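Per numbering that gives the first Met the number 0, the sequence shown starts with residue 0, numbered consecutively.
Derived from the structure by calculation, the hints contain no laboratory data. All the given hints hold, so there is nothing to weed out.
As a list, the in silico SDA-like pairs of lysine to any residue whose alpha-carbon atoms are at most 20 Å apart:
1) K526 x E589
2) K353 x N336
3) K547 x D563
4) K306 x S99
5) K309 x Q130
6) K526 x I586
7) K73 x G16
8) K306 x N140
9) K670 x E556
10) K547 x R644
11) K519 x Y429
12) K519 x T622
13) K591 x L537
14) K604 x D557
15) K520 x N434
16) K323 x V490
17) K516 x L611
18) K503 x N456
19) K591 x L621
20) K523 x R368
21) K455 x I427
22) K506 x N517
23) K250 x V239
24) K455 x N432
25) K603 x E556
26) K431 x K503
27) K348 x I451
28) K348 x L502
29) K547 x N578
30) K601 x T558
Just so you know, these numbers come straight off a predicted model, no measurement behind them.
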Amino acid sequence: MSKIINSYELNRINISGEINESTPSCVIIEIAMCMNAKLDKNKLLDPAYIDIIFNFVINGGVLENDFKKISNIKIIKEYEDIGFKEEDLPYIASFVNPDSKYEWDLDSLILAFRHLLSFYKNIPVIEENFQIGQKNPNCINNYNSCMLYKLCTFNEIKTNRNMTLSEMARAVKFLEKGHDALRDNLVSIIENLHKNELINLIISNELKVAPTPKILPPIQKKQIFVLDNEIKTYDFEKLVLAYNDLTNMDKLFSRIEPASDEESIILAALMFYINLTECSSPYQEFMEMKKNSNNNSFKNPYIPIDKYFKKKYLINPDWYDIKKTWTDKIPSIYDDNSVRIFAEAEGYKEDLEKGLSPLEVMRISRTTRTFYLGEHPDIKQNQKRQSRESSITSIDMDTGDDHDRKLILSFGIAEDSIFQLYKISELIDYFKNTNSFNDPFDNNEQISTHAINKLKNIASEKIKHLAPSPNKYDFENAKKTKNYKTPKTIVESQYLDLYNLILKIEKDLNTLSPETKNLKKIYKSNKTNINTFFNKILEMGYYMRGWKIKTEELPIEDTTYPEDKQGDVYINVTNSINNFNSFFQEIPIELKNILSSLQLMKAKKKDGDITLIKSTSSSEGLTILRRIEIVSQGENEIAGYSCIRLSSNFLLSSVYYYMEKLGLELPFDIKQLRQIS
0 MSKIINSYEL NRINISGEIN ESTPSCVIIE IAMCMNAKLD KNKLLDPAYI
50 DIIFNFVING GVLENDFKKI SNIKIIKEYE DIGFKEEDLP YIASFVNPDS
100 KYEWDLDSLI LAFRHLLSFY KNIPVIEENF QIGQKNPNCI NNYNSCMLYK
150 LCTFNEIKTN RNMTLSEMAR AVKFLEKGHD ALRDNLVSII ENLHKNELIN
200 LIISNELKVA PTPKILPPIQ KKQIFVLDNE IKTYDFEKLV LAYNDLTNMD
250 KLFSRIEPAS DEESIILAAL MFYINLTECS SPYQEFMEMK KNSNNNSFKN
300 PYIPIDKYFK KKYLINPDWY DIKKTWTDKI PSIYDDNSVR IFAEAEGYKE
350 DLEKGLSPLE VMRISRTTRT FYLGEHPDIK QNQKRQSRES SITSIDMDTG
400 DDHDRKLILS FGIAEDSIFQ LYKISELIDY FKNTNSFNDP FDNNEQISTH
450 AINKLKNIAS EKIKHLAPSP NKYDFENAKK TKNYKTPKTI VESQYLDLYN
500 LILKIEKDLN TLSPETKNLK KIYKSNKTNI NTFFNKILEM GYYMRGWKIK
550 TEELPIEDTT YPEDKQGDVY INVTNSINNF NSFFQEIPIE LKNILSSLQL
600 MKAKKKDGDI TLIKSTSSSE GLTILRRIEI VSQGENEIAG YSCIRLSSNF
650 LLSSVYYYME KLGLELPFDI KQLRQIS
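Hey, can you work out the whole structure from these sequences and the hints?
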């Protein structure tokens, strides 16, 4: 092993220095996140919760109340020849930025780490024109909360719990100014203070670092106290114009210059309906947006200046449009009606009617698997190209770039950023083949009702203009009356096909027998036993048709074999029945009861199509198990050889029916199954 030249304890306190009651919350939270603490985002404004995090941090990742160790602070070594071990790189990345959404290249990661290490138990240095925020692959020299706090404490700048990242940065930048400039700045602030603020300032001998809102210059005293002999008249039209300007929220917003990144995010949402919460410098982004806009709108499509944000934004601009996508980071910008509309679009209409709050629906939707229109900007896939520049669809393995973005859907959990990418045509083919809503990526997993409702809502939104009513697309009624417009584009056509197919499958699922519904309900938790149940009956049916007597091929169309081999057929069938009975006796009683209730099905052929219908004859057997009993006991006037051959029709058709209803891969083509009479 090569020589060790340095060791580093990956604890952000080594960057920030000691923390205390005056340490800003943002610093405490940042240190805890780098210790892999799982924080409740909804409590980060609660002082009591910040105290808990503070105790966690100063105890090195141990909670005082139960002493449960939930953080092991990693110590890594740097070697003379290889630098850092590859196995340590994930720890370095988490130390540099605890947000796992970033994909680091090695050079950028090490440079960002080295920049952070320049504060590691060292005298901190202020770089000219530094930018603030967490480091990321495009901004490796950003100053985070820990670095800014170290600069403040080192330069004896007072801080408090409520101080923000932007306020610390503003205070640090004051250090670059000369004494005269600072004095002038102080005078301008004092001139605009109210009397009570001046008194408090004199008494406390302190001045807040936080920015003071800009105040319009006061009216000159002579305008207030000097009375003219004549009453001044004001132009009526100008007064109306002033009223209109002051009651027009867009114009009022346009007069405001944000004092922090947080204010920039809110103003961007209110003025331009764009979500900047994933931008590294919201203030700079907002000012650029404002400069390039006219009456709060853009002549050309908005293109971010932040390179990393630009890359994500251009993947799917709708994801950052607050009118189209709800964001949990700034929920206060939405009124109650807007949140309810979003919640209904997520497929939770019935839940809302039962009393579930719209806000709770939106929070649930971000933590459960559902569909999103277009490629999600944070998509993570095992199938992604090595270049990480493009995603591929999960069924046909096509690159998303090759298709109209309007025909691409992401399916997964937004909070985890793990998605599968599907083309509309892929989903149509898959749902049509399985006649179910199974997950194409995991055929044993059902897509939830809420996710299917949302998928139907997405499709409905794309085709509602084809219906007689602009607010509702009633496909079934429109189809009957021929009162709908013909799709003119591939987008309209595919979404119409998808919508129609969802309605058809929903109708089919609603008409399922009780025993089939019970089978679908328990399949996921009992799939091994249920699959074995089907496979053993399939083998039984194949043996009844002479399987392995003449050939190893499945006897679907060709069921002939030499007459002198009938004894071998009996032996194979008997063994398969005994094998099945041994298996069936060992399964849990609850599962046994459900499988025992599965009805016997038979094929009915008409005009080349095959329909599977229930057996209604007790002599044939009403259930699958009863038919097996008939074969094993010879309880039929069509005894022996004919009974066995005929039974294969029933057993194979029945298994095919239930596998199809479960959306499983089918063992053969039912149209090719020769019906033995």
